[in-house]
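Peer 1: These are the residues of each chain, in order.
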Amino acid sequence: MSFDVESHSSDTVIVHMGEALDFRNADEFKDTFQDHVEDGVRNFILDFSDTEVLDSTGLGSIFSLYREISPEDGKVAFADVSRPVQVVVQLTRTYKVFRQFPSVQAAKEALA
Amino acid sequence: MAEHAILIVEDDSTVRELLKYRLGKHYEVYTATNGEEALQEIANRIPDLIISDIMMPKMDGFALQSALQADKNTRVIPFIFLTARADEPARQEGARTGVDDYITKPFDMEQLLSRVERLLERVEMFQSQLDAEIGRDFSNRLLPDSVPSVDGYQFHFHSEAHEQGGGDLFDWTETDEGSYFLTIGDVMGKGLRAKFYAYSFLSYVRGTLHTLLQESSSPAAVMKHINDMLLDDEVLEDTFASFLLMHWDPEAHTLTYANAGHCRPVLLTEEGPEIVEHSDLILGLEASASFSDATLDLSPNTALVAYTDGLMELPTTNGDMLGEEGVLEVTADAYGSDAPLEALQDAALDRSNEDDFQDDILIVWLQRDA
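So the protein sequences, as listed, match chains X and Z. Under numbering that gives the first Met the number 0, the first residue of the first sequence carries the number 0, and numbering increases by one thereafter. Under numbering that gives the first Met the number 0, the first residue of the second sequence carries the number 0, and numbering increases by one thereafter.
Since the hints were derived computationally from the structure, they do not count as laboratory data. In this text the structure is predicted, and so the values were computed from the model without any measurement. Treat the hints with care, since some could be wrong.
Claimed, not checked - Have a look at the derived ranges for each label pair, beta carbon to beta carbon:
{"id": "1", "chain 1": "X", "residue 1": "3", "chain 2": "Z", "residue 2": "25", "range": "42 to 50 Å"}
{"id": "2", "chain 1": "Z", "residue 1": "253", "chain 2": "X", "residue 2": "39", "range": "48 to 56 Å"}
{"id": "3", "chain 1": "X", "residue 1": "23", "chain 2": "Z", "residue 2": "315", "range": "18 to 26 Å"}
We put the beta carbon where it would ideally sit given N, CA and C, even for glycine.
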């Protein structure tokens, strides 16, 4: 299954992360963001509203995205974070790096 | 799992299309009409199996097979010859190394399909056995043979590696002053690659510790070095790791630690269990990340339990994961037991439908005697 990506502006997209980001589809997520980074996208809003599973491989793929776009002032924002995702973000202290927003709408406004 | 790719080399278009059609239902099939074309196709993409005719214009099947044998990258590709009955003398010649099977034309399609399937299975089984062997080898190297033995303290350690598991690691070093440096980590990712990175990492940490201990015994200072190395080293690009570094001084009864996004340890006293909260960002993400030390006093009967996420991610009977709260409960259950790690695992598995852990688990239990 591929990721549902919605374009917000020329440099911002919303990725609906679906039910799981883990070792099974992390490579697919990397391919997905790679295409958009090549097209000039710098801000990624990740919609975690439906996400039940985020494992360390999945989180690693988000880190790869961050490392790729942060030197060019890109941002990765987490929107509508589900409880299982919240647990992982707390544990790894990555809320220090990824801004969190209560909704995709709030993230769009903040990044505009 | 990606589909197997099969290359068909055949000049007769009827046979070629028939094979492509039938095999295409199960595999990804690409074709070439002679040996030369086949070599070009293989240069672009290495197939999992080759089915080749013998008599072809430009470059025949034998020449193709010899060329593949000469290159170490293509030597091991399973190779099936399709031979015409009239080629029986040629078939004798074909009895050479590197050919896995011969099918005589006109061939029975079902027979061909079953041979292809069997060959691919055999290759895959060999590969997975090899992977498992290398994986076990790495896992063993990531773990110590013994644990520190100090009067007035108990030290327990348990780890279990599973094939699907990743790069859990644990190491310890005694300093000249009789104190100890304990390293617990988890390198992100699953399978062999994570294990390999964990291994190269651990060598680095050992080396770094040696040098840094001359100047400082601060876990946070070591952490900063490891983070810089992850971000600067090109081979380790895209590698992330959570680490817990602890400096344990049994004389002073203190434990000074820095935590980079690792599972937070549990401190057990007669007052009950508590999470050791202080922690910083995971390693490999941000160059400007800072790390700091915190110190715990180990009063009599105090235990510190550190672990990796395989324990926390154990699925429980209610469909959730054990989580930090669950870990607090099971460590509290095990506190006071003569064999605390067995008691802890039993308590965890009691909360799950599993008979055993599916992921890698690693637990360190350090306790001061009463």
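Peer 1: A separate judgement is required for each hint: does it hold in the structure or not?
Peer 2: Each hint tested on the structure:
no.: 1; hint: 3(X) with 25(Z): 42 to 50 Å; result: violated (30 Å)
no.: 2; hint: 253(Z) with 39(X): 48 to 56 Å; result: holds (53 Å)
no.: 3; hint: 23(X) with 315(Z): 18 to 26 Å; result: holds (22 Å)
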